[in-house]
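Protein chains: 2
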Amino acid sequence: MSFKLIYKNKNTKERAGVLKTAHGDVLTPCFVPVGTLATIKTLSSEEVKACGAAMIMTNAYHLYLRPGRDILEKSKGLHNFMSWDGPIMTDSGGYQIFSLAALKKIKNGGVEFTSHIDGSKHFLTAEDIIEFQSILGSDIMMPLDECLHYPASRSDAEDSLRTTFDWAKRSKAAKMKNGRQSAHQLLFGIIQGSTYRDLRKCAAEEIVGVGFDGYAIGGVAVGEPQDLMHEITEHTADLLPEDKIRYLMGVGTPLDMLGAISEGIDLFDCVVPTRNGRNGQAFTWDGELQLRNAPFKYDFRPIDERCDCHACSNYTRAYIRHLFNTEEILGLRLVSLHNIYFYVKLIEISRKAIIENRFQKFREEFEGRYNNRG
Amino acid sequence: MSFKLIYKNKNTKERAGVLKTAHGDVLTPCFVPVGTLATIKTLSSEEVKACGAAMIMTNAYHLYLRPGRDILEKSKGLHNFMSWDGPIMTDSGGYQIFSLAALKKIKNGGVEFTSHIDGSKHFLTAEDIIEFQSILGSDIMMPLDECLHYPASRSDAEDSLRTTFDWAKRSKAAKMKNGRQSAHQLLFGIIQGSTYRDLRKCAAEEIVGVGFDGYAIGGVAVGEPQDLMHEITEHTADLLPEDKIRYLMGVGTPLDMLGAISEGIDLFDCVVPTRNGRNGQAFTWDGELQLRNAPFKYDFRPIDERCDCHACSNYTRAYIRHLFNTEEILGLRLVSLHNIYFYVKLIEISRKAIIENRFQKFREEFEGRYNNRG
Chain A
53 MSFKLIYKNK NTKERAGVLK TAHGDVLTPC FVPVGTLATI KTLSSEEVKA
103 CGAAMIMTNA YHLYLRPGRD ILEKSKGLHN FMSWDGPIMT DSGGYQIFSL
153 AALKKIKNGG VEFTSHIDGS KHFLTAEDII EFQSILGSDI MMPLDECLHY
203 PASRSDAEDS LRTTFDWAKR SKAAKMKNGR QSAHQLLFGI IQGSTYRDLR
253 KCAAEEIVGV GFDGYAIGGV AVGEPQDLMH EITEHTADLL PEDKIRYLMG
303 VGTPLDMLGA ISEGIDLFDC VVPTRNGRNG QAFTWDGELQ LRNAPFKYDF
353 RPIDERCDCH ACSNYTRAYI RHLFNTEEIL GLRLVSLHNI YFYVKLIEIS
403 RKAIIENRFQ KFREEFEGRY NNRG
Chain B
53 MSFKLIYKNK NTKERAGVLK TAHGDVLTPC FVPVGTLATI KTLSSEEVKA
103 CGAAMIMTNA YHLYLRPGRD ILEKSKGLHN FMSWDGPIMT DSGGYQIFSL
153 AALKKIKNGG VEFTSHIDGS KHFLTAEDII EFQSILGSDI MMPLDECLHY
203 PASRSDAEDS LRTTFDWAKR SKAAKMKNGR QSAHQLLFGI IQGSTYRDLR
253 KCAAEEIVGV GFDGYAIGGV AVGEPQDLMH EITEHTADLL PEDKIRYLMG
303 VGTPLDMLGA ISEGIDLFDC VVPTRNGRNG QAFTWDGELQ LRNAPFKYDF
353 RPIDERCDCH ACSNYTRAYI RHLFNTEEIL GLRLVSLHNI YFYVKLIEIS
403 RKAIIENRFQ KFREEFEGRY NNRG
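Heads up: the sequence lines are chains A and B, in that order. Numbering-wise, the first sequence is residues 53 to 426 according to the working numbering. Numbering-wise, the second sequence is residues 53 to 426 according to the working numbering.
Chain A on its own, in the form it takes in the complex (with noise of 0.2 Å):
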């Protein structure tokens, strides 16, 4: 068994555990920092791990088109092309087919989708992204699925989860087909449906029924309001095994996650805190900061008093604020570290307080200072 429950309140449904992956343990609840491109944007892979980040997410679509497969298999995988040493989840990148390739068709157990770097013609099945994972080396790969904005009629979401789990079968046999080579890989099945309680309930069953090394949650934060996306989100999760790890693609602020985590999440990947910081949007324990702004010009504190990441302990808000004026590269890095280490740290401290059971009150208590009610 890849995951262990460490602890669950009865009454509650927020959980701690630990994930054993080839390349060590992760702890969770855990944020994974996403690097779509075999970075996370701005950072170095020294600066990430010492932000305390415990595993990382790259996207198998944008590594297929660049740097392409003949490279990441000469380099022999992901960890030593980058220069990671912890444990890796690789999105199959299906999110990414669909949204940003142009002239995508799913047929022959795959997708057909011309790049949408330079409009070449690709044809991958959902094998082939199992295979290009394998070469990729990363310890959880994710199967190719379709992933369907908000709103999208009941109609394409049971055509939709028919795809998603005609290709959620594949891929776990070709994970077994694929043998030694992916047995230290493991592979987690997707759970869509739309914001159809019973569509979503039928992808349980079934995605359950086939077995997998964990659940994902697709298909929310795609455009739907919050409250759905908890509601959604909560009734999934409650659907899944207890004994296998949760993963709720996407999501999200500081106020999401903890909301997922009370609704049973463990592990959630995100790029807002890069996304967001390299438009000088910082997260602290006061809230949200837009450090472009006036206010900032004077104000020689810290992005975070509380925090004691290495942008906070060497910069002020008004040294980054003229950064970002002056459109110097060094700003965006700074609150992108910042931001990171906020997330990496809010999770590990709401771990704490499960473990404590504690987390509602940390919760609650977090949400009113975020929201200057505190």
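Calculated from the structure, these hints are not laboratory results. Note that this is a predicted model, so its numbers are computed, not measured. One or more of the hints may lead you astray.
Stated by the list, open to error - Below, simulated EDC-like cross-link-like pairs (lysine to aspartate or glutamate); rule was C-alpha separation at most 20 Å, straight line: (1) Lys101(B) - Asp170(A); (2) Lys128(A) - Asp351(B); (3) Lys349(A) - Asp170(B); (4) Lys126(B) - Asp351(A); (5) Lys349(B) - Glu125(A); (6) Lys126(A) - Asp351(B); (7) Lys349(B) - Asp122(A); (8) Lys349(B) - Asp351(A); (9) Lys101(B) - Glu125(A).
Unchecked claim - Not close to chain B: a few residues of chain A, all C-beta gaps over 12 Å, as computed: (10) Tyr202; (11) Leu280; (12) Ala363.
Quick reminder that beta carbons are idealized off the backbone N, C-alpha and C, glycines included.
Dock chain B against the given chain A, drawing on the hints supplied.
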């Protein structure tokens, strides 16, 4: 005396020394990385320090426009503002006023110009620029000067020398008038005179006659042929007192720096390692590499196998090429970092060779290998 000559061979011109500043000693010869806007582009202050850089350079004109005087005053100077506790030189920005600002006009002991950022009108006297540098709290201040591009007519060069000499005297007087506030700051004199040997001689006599803590050779590397640059540098260096530090402004490539050391130069500043680094050009002991080029696609060696900088210890040419291909910021960082480290190391090793009386042999070997003749 702020400068002490440690070693000088009788038959050659290379020198080793120590410059004492308010923020620590600088061993010379020394390469000074340029952080125009209070950041060495793409790098943190800690990274620049870890590269071994003893001193950095910023630019008064740029900092006067952004972040502006009030922020720098409130932050109690540049060292605090940018979190750099070593020595800082500040260029007056004369060169930038004449090259970047529009509608500049010399009048009333100063220069009127419109900002290259927003077109706003400004008038700064030589005294204003000293006063601003005293607010910056730099360890070495430079006076306002006029730097002509090559080629310059003799009459333009003569006019320009008169202006520069007038500003030099006013700058020194302004510094003296500042009293205790600037007592810990060194002020250098700048020798101009374009490519006219007699004007250089005249300028050196006048400027040295006024008396400064060190002497800068300006108006080289402004478009003239390389041979002429070295001829003028050597000619001008020969005119300077042996017991004062000599600073060659804005130079240069590794080969230019070793040449200038042979001509008796102690200090260099140059944007080349970072500017070219952001373009994918790496400096190595085996010459220059353009890492975006196809031959590096499958090259899993570090940028330079002889280098132990952070980039070379952790990342490969193939990975860095991928980062440039995908416009990922980490690529700019890694090559900038390596280049700064290489420049600092090259001059450090040159210093050791000078002290051990084998600099010319070292230079010859370096050049052979650098030009791939070694």
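Here's how the hints hold up against the structure:
{"no.": "1", "hint": "Lys101(B) - Asp170(A)", "result": "violated (41 Å)"}
{"no.": "2", "hint": "Lys128(A) - Asp351(B)", "result": "holds (13 Å)"}
{"no.": "3", "hint": "Lys349(A) - Asp170(B)", "result": "holds (18 Å)"}
{"no.": "4", "hint": "Lys126(B) - Asp351(A)", "result": "holds (10 Å)"}
{"no.": "5", "hint": "Lys349(B) - Glu125(A)", "result": "holds (12 Å)"}
{"no.": "6", "hint": "Lys126(A) - Asp351(B)", "result": "holds (10 Å)"}
{"no.": "7", "hint": "Lys349(B) - Asp122(A)", "result": "holds (10 Å)"}
{"no.": "8", "hint": "Lys349(B) - Asp351(A)", "result": "violated (45 Å)"}
{"no.": "9", "hint": "Lys101(B) - Glu125(A)", "result": "violated (36 Å)"}
{"no.": "10", "hint": "Tyr202", "result": "holds (29 Å)"}
{"no.": "11", "hint": "Leu280", "result": "holds (35 Å)"}
{"no.": "12", "hint": "Ala363", "result": "violated (9 Å)"}
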